[in-house]
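Participant: Take the sequences, apply the hints, and build the full model.
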Amino acid sequence: MSRTIGITRSQGRAIPVAAVLALLGAGLMPGPVRADLIGDAEAGKRHYQDCIGCHQIGKGAEDAIGPHLNGIFGRRAAAHEGYPYSDSMQRAGVDGLTWTLETLDAYVENPRALVSKTRMSYPGLEDAGARADLLAYLRRFSDNPANIPEAAPTAVGTDHSVDPEILAIQGDPAYGKYLSSECVSCHRADGAADGIPSITRWPERDFVVAMYAYKKNLRPHPVMQMMAGRLSNEEIAALAAYFKDPD
Amino acid sequence: MTLNRRKFIAVGTAAAASLSAPAVLGQGAGRPRVVVIGGGSGGATAARYIAKDSDGAIDVTLVEPSRSYYTCYFSNLYIGGFTDLDDISHSYGTLAAKYGINVVHDWAVGVDRYARTVQLAGGDVMPYDKLILSPGIDFVEDSVPGWSFAAQNLMPHAYKAGSQSELLKAQVMAMPEGGRFALVAPPNPYRCPPEPYERVSMVAYVLKQTNPTAKILIADPKLKFSKQALFEEGWQRHYSGMIERIGPDFGGENTSVDPEAMTIDIDGMVEKIDVCNVIPAQKAGRIAEIAGVTEGNWAPVNAADMSSTVDPDIHVLGDAAAQGDMPKSGFAANSQAKVCAMAVRGALTGSKVFPAKFTNTCWSLIAEEDGVKVGATYEATDEKIAKVDGFISQTGEDPATRKSTYEESVGWYSGITADMFS
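Chain order of the listed sequences is A and B.
When the letters of the first sequence are read in order and numbered with this note's numbering, they come out as residues 4 to 250.
When the letters of the second sequence are read in order and numbered with this note's numbering, they come out as residues 471 to 892.
I should point out that these hints are in silico values taken from the structure, not numbers from a laboratory.
A hint or two may mislead.
Computed from the model, here is a short list of chain A residues facing chain B with C-beta under 8 Å [said to hold, decoys possible]: (1) Y51; (2) G74; (3) G99; (4) Y181; (5) I199; (6) P225; (7) V226; (8) M230; (9) G232.
In silico DSSO-like links for lysine-lysine, alpha-carbon gap of 27 Å or less [claimed, not checked]: (10) B:K822 / B:K873; (11) B:K822 / B:K742; (12) B:K694 / B:K630; (13) B:K522 / B:K822; (14) B:K822 / A:K180; (15) A:K48 / A:K62; (16) A:K247 / A:K219; (17) B:K568 / B:K822; (18) B:K692 / B:K742; (19) A:K247 / B:K522; (20) A:K120 / A:K247; (21) B:K568 / A:K180; (22) A:K180 / A:K247; (23) B:K854 / A:K180; (24) B:K685 / B:K742; (25) B:K857 / A:K180; (26) B:K568 / A:K247; (27) B:K822 / B:K694; (28) B:K630 / B:K678; (29) B:K857 / B:K822; (30) A:K218 / B:K857; (31) A:K219 / B:K857; (32) B:K822 / B:K854; (33) A:K120 / B:K873; (34) B:K873 / A:K218; (35) A:K180 / B:K522; (36) B:K857 / A:K247; (37) B:K568 / B:K694; (38) A:K219 / B:K685; (39) B:K568 / B:K692.
Each residue gets a CB set at the ideal place from its N, CA and C atoms; glycine is no exception.
Facilitator: Have a look at this one:
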């Protein structure tokens with residue numbers, strides 16, 4: 004998967020990453036990338052204070068309001084046995100969502116971009132540098148972190164959030180109604196969800212960020228990646244406007 | 471039903487009156503008229519979308535001889551025991567009651583393109599401003615030497631679902647221990663490319679449980695077939711040693727049958743068989759040929775609106791159309807019908823017409839909870855419906871993915887049939 008290298012890091016942390024990127028760009032990077040360059044785990048530990056109320060981590064951690072996060076890297080979504088995941092998270096796991104540096108980064112940035120009806124009541128963390136730190140901290144509790152394949156520095160700081168200009172597009176519900184005829188070949192127009200999730204009456208923003216997550220292949224479903232892949236910004240906005248309140 | 475019948479008679483009378491005064495013929499004073507021939511995936515969708523989205527501004531008539539429509543998709547799952555026949559049966563009451571579609575259960579036997587009328591077997595004549603043909607397939611005569619419609623009870627095709635599906639299943643269940651099942655596969659192009667191979671999978675699934683020493687033979691005129699790697703991997707995994715396929719490299723295209731003797735002759739090798747599922751070569755449903763819109767076996771269309779290349783007032787949908795890259799499938803017909811419905815409404819009422827988009831996805835079941843899928847998106851070019859992008863299930867996928875793919879297909883069935891009949 005190709006990624007945009009659009010790094011917006013706070014000062015002080017940017018230098019080692021930039022140096023590694025320069026080496027990568029010149030094709031000079033020797034051997035496995037040193038995974039500890041992704042962020043400052045000590046700074047991440049402070050950010051984790053926002054998570055600890057629900058997610059235990061470290062020795063003796065147990066499931067609480069949320070599942071414990073030991074060994075999260077490389078695990079499939081909803082794959083930790085014994086924790087009662089939401090239907091939406093279970094579906095994401097079955098579709099193939101696996102927690103990598105990239106998917107965790109996108110999920111922490113905006114949970115609903117990846118899992119629309121997640122029960123995690125976390126607003127998201129916009130600062131890419133802060134996320135890199137948080138993930139560096141989380142990774143301490145996964146096995147053999149240096150060999151986690153996705154932990155290449157090129158993944159760090161990738162901004163997954165949808166451009167505010169795109170989120171601001173006012174969709175045309177009439178156009179959305181026509182476009183929706185493609186969706187309702189599988190998703191029931193009456194909102195029933197049996198094997199295929201409901202897409203009606205979503206908040207427009209959730210609809211748009213979900214479609215972009217498919218467009219960027221962050222969400223794993225091949226049909227949806229294909230369908231979203233050819234929709235323009237205006238078309239996604241139109242669909243979001245129509246499905247918010249279909250007639 | 472009473473209301474429909476009255477409405478139907480009224481339309482018939484109007485048609486008779488207009489015949490004696492050819493100047494009116496459906497145009498002019500009344501609402502514009504659309505006649506749809508064929509109540510399957512293409513026709514039912516087109517009728518529903520035109521009626522629903524025009525809010526009664528267009529008079530829509532759907533001509534379909536059957537009162538119950540059995541979808542070809544999922545009919546293999548009936549053979550495998552994963553669904554009941556009733557669950558793949560759909561009727562037309564909602565289309566009449568909810569959208570005011572005039573549902574006429576009769577055969578269309580003639581199209582007068584100059585007068586713009588359709589003749590029904592019952593004698594009525596229906597005028598149209600736009601005619602939509604979605605007649606599905608008919609079989610090419612003598613494509614499998616020895617087989618004819620007269621032999622369809624001895625050697626079922628089961629390619630128009632319903633009683634033929636029931637017959638084939640009953641024959642499979644009654645096979646002697648260690649008996650032989652043969653399937654004669656059709657040449658391209660034909661309805662639902664993976665269907666013969668899903669059928670083999672479902673027959674194997676049933677036999678593995680009830681008659682595990684039975685054997686399955688496929689005579690195939692094609693070198694390659696849809697989802698081949700996925701099916702062959704699945705057959706190896708679930709039905710090892712049970713299924714043998716003879717392709718054209720071993721004479722599979724040179725196959726004839728003798729229904730009375732229950733034998734199959736593949737390139738001179740005559741074998742006795744217990745059940746023989748003959749799927750002949752196919753062509754557009756006969757009414758397309760009668761209407762004079764076919765070239766060879768199929769009806770060529772313009773991709774942008776599915777209109778016939780020989781008559782702009784006739785649109786052809788689904789299996790019957792020669793449109794380019796889309797496979798002949800219920801999903802494709804449903805997708806094409808929406809593009810057509812939008813174009814027809816635009817032409818008759820001036821409603822807005824957006825650029826055509828097409829999609830197809832096709833799920834197949836190989837064994838219990840082992841589903842696979844293939845799909846693509848398409849766009850209209852000047853020459854044809856052209857593929858844009860696609861995907862296919864991978865060999866070696868984990869069981870959870872395959873189970874989820876199957877469950878997704880069940881959800882899709884519910885969604886797409888609601889999009890046609892509810």
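Participant: Hint by hint, note whether the structure agrees.
Facilitator: Here is how each hint holds up against the structure:
1. Of the supplied interface hints, the one on Y51 (chain A) is violated, with its beta-carbon coming no nearer than about 31 Å to a beta-carbon of chain B, more than 8 Å.
2. With 8 Å as the threshold, the beta carbon of G74 (chain A) stays out of range of chain B, its nearest partner Cβ sitting at about 19 Å, so the hint is violated.
3. Among the interface hints, the one on G99 (chain A) holds; its C-beta lies about 7 Å from the nearest C-beta in chain B, closer than the 8 Å criterion.
4. Given hint, Y181 (chain A) at the interface with chain B, holds; its Cβ is 5 Å from that chain's nearest Cβ, closer than 8 Å.
5. Hint status for I199 (chain A) relative to chain B: holds, with the closest Cβ pair at about 3 Å, below 8 Å.
6. Hint status for P225 (chain A) relative to chain B: holds, with the closest Cβ pair at about 4 Å, below 8 Å.
7. Below 8 Å, beta-carbon pairs count as interface contacts, and V226 (chain A) has one with chain B at about 6 Å; its hint therefore holds.
8. Checking M230 (chain A) against chain B: minimum C-beta separation of about 7 Å stays under 8 Å; hint holds.
9. A least Cβ separation of about 6 Å between G232 (chain A) and chain B falls short of the 8 Å threshold, and the interface hint therefore holds.
10. About 41 Å separates the Cα atoms of K822 (chain B) and K873 (chain B), which puts this hinted pair outside 27 Å; it is violated.
11. For the given pair, K822 (chain B) sits about 60 Å from K742 (chain B) by alpha-carbon distance, which is inconsistent with the 27 Å threshold.
12. Between the alpha carbons of K694 (chain B) and K630 (chain B) the distance comes to roughly 24 Å, so the proposed pair stays at or under 27 Å and holds.
13. Distance hint between K522 (chain B) and K822 (chain B) is fulfilled; the C-alpha atoms sit about 15 Å from each other, no more than 27 Å.
14. At roughly 12 Å between alpha-carbon atoms, K822 (chain B) and K180 (chain A) fall within 27 Å of each other, so this suggested pair holds.
15. With a C-alpha separation of about 15 Å, the suggested pairing of K48 (chain A) with K62 (chain A) holds against the 27 Å cut-off.
16. The suggested pairing of K247 (chain A) with K219 (chain A) holds, with an alpha-carbon distance near 23 Å, which does not exceed 27 Å.
17. The hinted pair formed by K568 (chain B) and K822 (chain B) meets the criterion: a straight-line CA distance of about 24 Å does not exceed 27 Å.
18. A threshold of 27 Å between alpha carbons decides the hint, and for K692 (chain B) with K742 (chain B) the separation of about 23 Å falls inside it, so the pair holds.
19. Restraint check: the Cα-Cα separation between K247 (chain A) and K522 (chain B) comes to about 20 Å, which is no more than 27 Å; the hinted pair holds.
20. Pair hint K120 (chain A) plus K247 (chain A) holds up; C-alpha atoms about 15 Å apart against a cutoff of 27 Å.
21. Only pairs whose Cα atoms come within 27 Å are accepted, and K568 (chain B) paired with K180 (chain A) is accepted, the gap being roughly 19 Å.
22. Pair hint K180 (chain A) plus K247 (chain A) holds up; C-alpha atoms about 11 Å apart against a cutoff of 27 Å.
23. Between K854 (chain B) and K180 (chain A) the CA atoms are separated by roughly 25 Å; this keeps the pair inside 27 Å, and the hint holds.
24. For the proposed pair K685 (chain B) and K742 (chain B), the alpha carbon gap of about 12 Å is at most 27 Å, so the pair holds.
25. Taking the CA atoms of K857 (chain B) and K180 (chain A), the gap is near 23 Å; set against the 27 Å cutoff, the hint holds.
26. Straight-line distance between C-alpha atoms of K568 (chain B) and K247 (chain A) comes to about 24 Å, which keeps the hinted pair within the 27 Å bound.
27. As the CA atoms of K822 (chain B) and K694 (chain B) are separated by approximately 43 Å, the hinted pair breaks the 27 Å bound.
28. At roughly 26 Å between alpha-carbon atoms, K630 (chain B) and K678 (chain B) fall within 27 Å of each other, so this suggested pair holds.
29. Between K857 (chain B) and K822 (chain B) the alpha-carbon distance is near 25 Å, which keeps this suggested pair within the 27 Å criterion.
30. The straight-line distance between the Cα atoms of K218 (chain A) and K857 (chain B) is roughly 18 Å, inside the 27 Å bound, and the hint therefore holds.
31. Only pairs whose Cα atoms come within 27 Å are accepted, and K219 (chain A) paired with K857 (chain B) is accepted, the gap being roughly 21 Å.
32. Using a Cα cut-off of 27 Å, the hinted pair K822 (chain B) and K854 (chain B) holds, with the two alpha carbons roughly 23 Å apart.
33. A C-alpha spacing of about 22 Å is found between K120 (chain A) and K873 (chain B), which places the hinted pair at or below 27 Å, so the restraint holds.
34. For the hint linking K873 (chain B) to K218 (chain A), the alpha-carbon distance of about 24 Å falls within 27 Å, and the restraint holds.
35. For the hint pairing K180 (chain A) with K522 (chain B), the CA-to-CA distance comes to about 12 Å; that is within 27 Å, so the pair holds.
36. For a cut-off of 27 Å, the pair hint linking K857 (chain B) to K247 (chain A) is broken: about 30 Å separates their Cα positions.
37. Straight-line distance between C-alpha atoms of K568 (chain B) and K694 (chain B) comes to about 45 Å, which puts the hinted pair past the 27 Å bound.
38. A hinted pair counts as satisfied when its Cα atoms are at most 27 Å apart, and K219 (chain A) with K685 (chain B) does not qualify at roughly 47 Å.
39. At most 27 Å may separate the alpha-carbon atoms for a hinted pair to count; K568 (chain B) and K692 (chain B) exceed this at roughly 45 Å.
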